[in-house]
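I would like the entire structure built from these sequences, with the hints used as guidance.
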Amino acid sequence: MFHTFLDRNINVLPKDKQKDVENIRNQKRFVPFSDRPQYSNIHIDSFLLSQGVKDCMTWRGIAVGKCVYDFALYPMIIWENSPATILEIGSGEGASAIWMADLCKSYNLPTQVYSMDIDPVTLKYEKVTFAKGDSRGINNTMFDIEMLPHPWLIVEDAHIRMNKVMRYFEKHMHTGDYIIIEDSRGKMQSKLKVPNTLYVDAYYCDYFGVNATSAMNTILRKN
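The sequence shown stops at residue 216 when you use my numbering, and every number in between is there.
Honestly, the hints are just simulated from the structure, not real lab data.
Treat the hints loosely; a few may be bogus.
As the list claims (entries may be wrong) - Pairwise CB distance ranges (calculated):
(1) 113 <-> 216: 28 to 36 Å
(2) 112 <-> 4: 47 to 55 Å
(3) 100 <-> 18: 21 to 29 Å
(4) 118 <-> 77: 14 to 22 Å
(5) 54 <-> 12: 37 to 45 Å
(6) 113 <-> 16: 39 to 47 Å
(7) 112 <-> 11: 46 to 54 Å
(8) 164 <-> 1: 42 to 50 Å
(9) 47 <-> 103: 32 to 40 Å
The structure displayed is predicted, hence computed values, not measured ones.
All C-beta atoms in this analysis are idealised placements derived from N, C-alpha and C, irrespective of residue type, glycine included.
The following block contains the structure:
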């Protein structure tokens, strides 16, 4: 078994952090949202620096807008679950969708990525469809999702009507599909009403420490 820096230097951590590590290693993987801790091991200073200090991290020269923790987590999530369809709500500059498509291509997956935004991206890229859409009317503006093959990975990065978006997709998700609500750290956390069929994947939320991700308690899998 490969040992990490943490295994070799666990005693460097203060006792409370050692306890966090023990709890993470012993916890159940899929748990209800209501059972999750409302804090993160990543201090806000470190979190704010995690997209970059001088510039935002980029992919193919385009600002990708991911923290370094999520930049490491997404490849593992995609590798493990082999999504046939990735749905992104909030395209930004388009780099995130292209990055996920590149990951899928490197894994020899036939995944199609669909990304919508109120101001649609005009980039053209293989296996990525950019489209105009408004999450305030998600049921009227999204693609014909009934025709999209599963498994799904849904990434919500628009932060408008998140509860409506979750309810809409939850009705169409299959067991094992994922929805990730990004930037849920802070005040947004208390506003979320996560459907009881969506369980937090504690393995990924706590991979680098308790809620060491922008998706605090919101890397969600349908059970």
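Outcome of the hint check:
The hinted range of 28 to 36 Å is satisfied by residue 113 and residue 216, whose Cβ atoms lie roughly 33 Å apart. Range check, residue 112 to residue 4: about 51 Å between beta-carbon atoms, so the 47 to 55 Å window is met. Here the CB-CB span from residue 100 to residue 18 is close to 27 Å, well matched to the stated 21 to 29 Å. Against the hinted window of 14 to 22 Å, the Cβ-Cβ separation of residue 118 and residue 77 comes to about 18 Å, which satisfies the hint.
With their beta carbons about 43 Å apart, residue 54 and residue 12 fall inside the hinted range of 37 to 45 Å. Between residue 113 and residue 16 the C-beta distance comes to about 43 Å, which sits within the given range of 39 to 47 Å. Residue 112 and residue 11 have their C-beta atoms about 47 Å apart, which keeps the hinted 46 to 54 Å range intact. Separation of residue 164 from residue 1 is about 47 Å and conforms to the stated range, judged on CB atoms against 42 to 50 Å.
Between residue 47 and residue 103 the C-beta distance comes to about 37 Å, which sits within the given range of 32 to 40 Å.
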